[in-house]
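Residue numbers (the working numbering), protein chains in the order written: chain A, 158 to 657; chain B, 11 to 364.
Rather than coming from a laboratory, the hints here were simulated on the basis of the structure.
One thing to keep in mind: the hints can contain errors.
Every beta carbon over 12 Å from chain A, so not counted as near; a handful from chain B, in silico [stated by the list, open to error]:
#, residue
1, D120
2, R168
3, G185
4, E306
Now the in silico label distances, taken between C-beta atoms and shown as ranges [said to hold, decoys possible]:
#, chain 1, residue 1, chain 2, residue 2, range
5, B, S99, A, L571, 52 to 58 Å
6, A, G645, B, A93, 51 to 57 Å
7, A, S372, B, I217, 56 to 62 Å
Where a beta carbon is used, it is the ideal one built from N, C-alpha and C, also for glycine.
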Amino acid sequence: MPKRFVSIWFRYLLTDREAIRQKSLRQLPVAFTEPDHGRLLVTAMNSNAEQCGVKPGMTAADARVIAPGIQLFETKAGRNIKLLKGLAEWCLRYTPLVMVDAPDGLLLDVTGCTHLKGGETEFLKDMVGRLRALGYTIRPGMADTIGCAWAVARCVESGLIVPPGGQRNALMPLPPACLRLGVDLLIKLNELGFYQVRSFIYLPKSDLKRRFGASIILRLYQALGQEAEFLLPLKEPVPYSERIALLEPIRTREVIETTVHALIDTLCKRLYGEGLGLRSAVLTYLRIDGKSGQLSIGTNHPSQRTDHVFKLFALQFDQVAPGLGIEIFILDATKTEPASDQQNVLWNGKPAADSEEVAELLDNVGARVGKDQIHRYLPQEHHWPERAAENTTNLTQMPECAWPEDHIRPVQLLEPPEPIEAMALTPDYAPRQFVYRHERHIIVNADGPERISHEWWIEDGGYRDYYVAEDEEGMRYWLFGTPNDLPGQTRRWFIHGYFP
Amino acid sequence: MSYAELQVTSNFSFRLGGSHPEELVDQAADLGYTAIALTDRNTFAGVVRAYVVAKDRGIKFIPAVRLDLLDGPSLLAYPTDQAAYSRLSGLLTLGNLRAEKEKCFLHKQDVYGYAEGSIFVIIPPDKITADFELPKKFKAEVAEYRANLKNLYIAASRTFADGDAKRLFLLSELGVPMVATNNVHYHDPGRRELQDVLTCVRHKRTIFNAGYLLHQNAERYLKEAKEMQRLFHAYPDAVANSQKVAAACNFDLKSLQYEYPDELVPEGMTADDYLTEITLKGAHEFFGEKLAPKLEKQLHFELDFVRRRGHAKYFLTVHDYVAWARSQNILCQGRGSAANSAMCYCLGVTPVNP
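Chain A on its own, in the form it takes in the complex (with noise of 0.2 Å):
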């Protein structure tokens, strides 16, 4: 199948979007300027402002003179390619495949598409109308190439639609600017009497190479599509993604609830078809005035259960604000896991320690907490208390040992160990008491030291003593006292977990 690409000029990008937020400056001239050695340059402005005869490199101040009651604004750098990121994005709802083009354009890869619109010229009017509604002079160029789709695009008064494989003849009365050439070959290519593509396109390619430069013809080809071109999306498309899109725009959390659903339905009756489980993915919605949001979840383990991914997405559903109304929902399945058989024999009934149910109660627990909040430890064989569990968020990994069932220790480990106040009178002895987060607590009872020194091939360092302490509350803490036996040493002391 022929490549398809449509290039959309923005030709007043700054200055429509300064029109979009304050409408009274679309009846007056406009322009951007930046600071030069001094003076005040224009670097664009709108169409009000050009007919006056304002050009990008004027002055501010001659600006002023041609056209009276003309508005500046100070140009911020980068942000064409922030408001052209925005367009980007909201063009995802038309391709996947979205580039931007700067400093003024977007790139898109409608390539098997445009039949959603019913014909690539209906595809184009509808996404230039709604262009032009949001505000934006754009002008589109559509052809089987991007250097072809780009010059009809900036060249061709009202944009067209070049028929596959019709690139010579589109390019034929062009001037040479469409091309994408440097302003310098520009100029010399004019003061040569190139005026129109047709003029050089049949020199023979070495004369032209020779004459003026390997980019003439680099980028004449690549216009007729004898080279290659490439496209680097916006967004990596993923490669299960299902998308729904409205003919009526929707408000309510009921249809919501129906249309979300039945995306997910889709997306995981298509997983489940290919051996696949969902790990993460993200709802995207757009609504009808061009603003987006997105909803996330992540799963512990993969998971192909319509009703499950729904649940997770249906806690979230309040942060949904539809606005005037969604009109496309777009469902990534951002990381996907094989999600073998035997899971599927485990939740037919036999629950296990790693079955569905575990994992679908963390799931929920975390959507509530966080997911960061839930942690499965497993054991590492190290002494050292930090480095003897392992933090995994994998339900299926097996631990390397077991876990040794010979060292006390608290369940959890703070991390870090938190300094407490404390004084120990006698060595060995764990202290009397200790202050921890302003509290005083009374040692009752004491059981300890547990000295344990550093693993000298990972870290230099002493040791610790440990005390399980009781306090007299009956709480019991897991305290550590630092090495005090050289000259001039003084023992701090921490805590670093608690008892059941």
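Dock chain B against the given chain A, drawing on the hints supplied.
Chain B only, in chain A's frame:
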């Protein structure tokens, strides 16, 4: 303040100890210990080196051994006299002959047969069970040792592991007197790294995956006597007992001398008498019935010298070789450097007449 360390593992326990016996003894002398024992795994191999330094530094040294048994908790064995020492040596030989090199297979029953005259110390398990008890099996084995071994103690160590206090308490309840030891693996805490590496080599692991095979701290070194007393302040008997054991071991390596087999000497005679007899018999054969006074004087001088040096049995052995070789018509040269001796000529050990 006095203390004797009774559980010391040197580098003669292959890939276990991190220090030489010399270093250990030296350090013990520096710390003012009354005595130090060396208890390597199933071997006495390190005792001579330790003994040399101990004699030099004037510290009492107890050659001892740790018996790792196939069917029971390990025992430390301290011979109190030479006979006990030779019994223990016999026990080790028995074990070594049963196994291939580097291994020693011993059973509880073997120990009971060689136990006379030695003091034994039971090595308890490092950890108590999750129910805060000593393992049942260990208790049964202690009871068995008590029934079979006379001088029995149990080793109490504080290596700063968790549950140390509870463990010591349980050991004190067993009814076997405790001895304080520090289960020494190196003379200085700085050797922990070397000892860890040895552990890795022993288990064919790298330091990163050796995990719980390594000791969790560097406490198994020779500590000051004062520190040991402080650690065992709740059990003063334990420290006293280790002194008691040390005091009871009166076997000195110096008393060990080579025991020459005396099968060549006829019943009822000493080796010297027999040597004199056959020398004179030979002299009469060579020089006739009447011996010249000069020769007689020379012979008596030589025999006296041999008697003082205690070498009579050796000369008898050489004489036996030569006599047998002659009888078989084998050409033999009895002895080189002893040729300038009338006695050897008379014995036929050398054919050169001085």
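Going through the hints against the structure:
At roughly 31 Å from the closest C-beta of chain A, the C-beta of D120 (chain B) stays outside 12 Å, upholding its exclusion from the interface. For R168 (chain B), the requirement that its beta carbon stay farther than 12 Å from each beta carbon of chain A is not met, with the minimum near 9 Å. For G185 (chain B), the condition that its CB be more than 12 Å from all CB atoms of chain A holds, with the nearest at approximately 24 Å. Distance to chain A confirms E306 (chain B) as a non-interface residue, since its nearest Cβ pair spans about 76 Å, more than 12 Å.
Between S99 (chain B) and L571 (chain A) the Cβ separation comes to about 56 Å, which falls inside the hinted range of 52 to 58 Å. Restraint check, G645 (chain A) to A93 (chain B): a C-beta distance of roughly 54 Å satisfies the suggested window 51 to 57 Å. For S372 (chain A) and I217 (chain B), the hinted distance range of 56 to 62 Å is satisfied, since their beta carbons lie about 60 Å from each other.
The earlier numbered hint that this structure contradicts is number 2, and it is the only one.
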